[in-house]
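Chemist: My request is simple: use the sequences and hints to build the entire structure.
In case you want the letters, here they are:
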Amino acid sequence: DGGITQSPKYLFRKEGQNVTLSCEQNLNHDAMYWYRQDPGQGLRLIYYSQIVNDFQKGDIAEGYSVSREKKESFPLTVTSAQKNPTAFYLCASSRERGSIYEQYFGPGTRLTVT
Amino acid sequence: LAKTTQPISMDSYEGQEVNITCSHNNIATNDYITWYQQFPSQGPRFIIQGYKTKVTNEVASLFIPADRKSSTLSLPRVSLSDTAVYYCLVGGYNNNDMRFGAGTRLTVKP
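Chain order of the listed sequences is R and Z.
Counting from -1, one number per residue, gives the positions in the first sequence under this note's numbering.
Counting from 43, one number per residue, gives the positions in the second sequence under this note's numbering.
Please note that a few of the clues may not be correct.
[As the list claims (entries may be wrong)] Distance ranges between label pairs, derived from CB positions: (1) ASN68(Z) with GLU100(R): 20 to 30 Å; (2) THR77(R) with TYR93(Z): 38 to 48 Å; (3) GLN39(R) with GLU100(Z): 27 to 37 Å; (4) LYS81(R) with PRO82(Z): 21 to 31 Å; (5) VAL50(R) with VAL97(Z): 30 to 40 Å; (6) PRO82(Z) with GLU13(R): 25 to 35 Å; (7) ASP53(Z) with GLN15(R): 34 to 44 Å; (8) GLU60(R) with ARG119(Z): 37 to 47 Å; (9) LYS94(Z) with LYS7(R): 39 to 49 Å; (10) PHE88(Z) with ASP52(R): 21 to 31 Å.
[Said to hold, decoys possible] In silico SDA-like cross-links for lysine to any residue, where the CA-CA straight-line distance does not exceed 20 Å: (11) LYS94(Z) with THR47(Z); (12) LYS7(R) with SER83(Z); (13) LYS45(Z) with GLN39(R); (14) LYS45(Z) with ARG42(R); (15) LYS69(R) with ASP28(R); (16) LYS96(Z) with ALA108(Z); (17) LYS69(R) with ALA29(R); (18) LYS94(Z) with GLY96(R); (19) LYS7(R) with ARG87(Z); (20) LYS7(R) with GLN84(Z); (21) LYS45(Z) with GLY96(R); (22) LYS45(Z) with LYS111(Z); (23) LYS96(Z) with GLU100(R); (24) LYS45(Z) with GLY56(R); (25) LYS151(Z) with GLU56(Z); (26) LYS55(R) with GLY134(Z); (27) LYS7(R) with PRO82(Z); (28) LYS111(Z) with ASN72(Z); (29) LYS151(Z) with PRO49(Z); (30) LYS55(R) with TYR135(Z); (31) LYS45(Z) with ASP57(R); (32) LYS7(R) with PHE81(Z); (33) LYS151(Z) with SER51(Z).
[As the list claims (entries may be wrong)] Part of the chain Z face toward chain R, derived, beta carbon under 10 Å: (34) SER83; (35) GLY85; (36) ARG87; (37) VAL132; (38) GLY133; (39) GLY134; (40) MET140.
Honestly, the hints are just simulated from the structure, not real lab data.
Values in this document were obtained by computation on a predicted structure and should not be read as measured data.
Glycine included, every Cβ here is placed at the ideal spot set by N, Cα and C.
Modeler: Shown next as structure tokens:
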């Protein structure tokens, strides 16, 4: 059963701590993305990766970091430098980079930092 | 980069046809138009994609005029379960424009 998994579904952290969100896909897709969504807002692109060991900043990369050591995995670290980390985080993948390719989204991780 | 504009919200009643329009005045020659649907606390899911004229699948139709500066997503006979946010995305191959925008919040009433 192919798809994207994100874990955990809910995550709570204290301010000043780094936290890593997991994203795994078994769709054999080259491109992967991380988005942030705030209440009542659209999706904003944080980082994307076109291929293993390569990733690019999106519109709101400050305070975040990623790695792409395996094709299947694209973890996102929310660092203490991110000023407002509380949000809903969505991971997606597509066959290749570009909005012409259908993106498959994971179920999301809701991060709360207090 | 193609910027999109959609209505913030729309209301409808069960059984009606709903048309959501997206404006994209600076669409490029190689850009396609893609629509996604998002339910609360879930990731968006692909609905339909087109380049010009009309595209139809089992859930929706997409109408694109000749100048391609706008597009209209048509949902036939909506039900309560169609209550969601609908996003219009414009882009093509190997581009960097993955901006979903705020979308259109559709509320279907009984």
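Chemist: When the hints from earlier in the document are held up against this structure, which numbers fail?
Modeler: The structure breaks none of the hints.
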